[in-house]
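Work out the full structure, taking the sequences as your base and the hints as a guide.
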Amino acid sequence: MKKALQVFCCLACLCPLLVHAIKVPGLYEAEVIVRNQSVEDRTAAIRACLSRVLVKLTGERDVSGITELQPILDQAGNFVQQYRYREMQLDASTSTGAPVPVQWQLAVKFDEVILNKSLRESGIPVWGRERPSILIWLALEQANRRSFADADRVPELLDLVHGLAHRRGVSILFPLQDLDDERQIQPGDVWLGFQEPVMAASGRYNTDVILAASVGSPVPGIWEGRWRSYGADGLSHEWTTETDLLEGALEEGFNGFVDILAGEFVRTGSYTLLGDIEITVGDVNSVEQYARLINYLESLSSISEVHVMEMRTGEVKLALTAHGGEPVVVQTIGLGRTLEALDNPDGHYYRLIP
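Numbering (my numbering), first residue to last: 625 to 978.
One thing to keep in mind: the hints can contain errors.
[Stated by the list, open to error] Straight-line C-alpha distance at most 30 Å; calculated DSSO-like pairs for lysine-lysine:
hint: 1; residue 1: Lys741; residue 2: Lys941
hint: 2; residue 1: Lys647; residue 2: Lys741
hint: 3; residue 1: Lys733; residue 2: Lys647
hint: 4; residue 1: Lys941; residue 2: Lys733
In short, the hints are calculated from the structure, not lab data.
The following block contains the structure:
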């Protein structure tokens, strides 16, 4: 399959809307099909499951060529928290009448704490559970007619994109395409890259990032896609894809988008402890609010330790021992809806949102 992906960074950075981040479930779980329940097949299947989990945790679409991950994959069994088999429901016989061999689905859940620790000790960044939510406007041109992809006309394409999102560990949403949407946006707006209607129609969905894609076949056998991502400040990135299949255009374009997104939230290079980051949090006026603040910070995968430095009336000053550096911590806190950043010349100041 011919693939060409051209990524153009049109503005500085992908800027989330900071309103509706998602704690993505199932990041440490995966499933594969196995022929039997033998130890040999299970060992290979557990490694395959860990490979799928590492795609979600690292932000890399293919982890097979990452040298630092190979020792972790070789010890996949050491990270298993639990596994279970489920018999696949298949037809009773083949077209020749012969019995169909029984197949099993092996579902594996890996230990989050142990796996994260091993990744960080190997210098591999980990993308935390709290990730940007994504709204997708997908405009298709078929038989010289442009329309938005929806579950009534092309359910298989929406299922394809949902499957890609699951494999990459991100949360997506397709618009309702009701009367409110129709009044504000048309497929041609996405096709021509009109930013204003895209932003206006997307506002009601309160997602962090907007992905607008137009995919069509200008000549038989070639599918071209133009992809644009938008943050709070408008257009952030623009890129194109060209493949010989519609499904390939969707896969390459969406994966290119997640590659960009992961690059904003997963820092490359060493992931060792980089020291304390000091923050001050206001509007902390009760024991319950204090406990909520500490529990929230300790739940962030980029933070390994939370130290209380000083407590004043309504304020708490903390030092955070963080993986990945100060930018990752600030960006992760900004995605959530627990702390709100406030301008302060003395450093990082937040208020605890009720």
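Each hint, compared with the structure:
{"no.": "1", "hint": "Lys741 - Lys941", "result": "holds (27 Å)"}
{"no.": "2", "hint": "Lys647 - Lys741", "result": "holds (20 Å)"}
{"no.": "3", "hint": "Lys733 - Lys647", "result": "holds (17 Å)"}
{"no.": "4", "hint": "Lys941 - Lys733", "result": "violated (37 Å)"}
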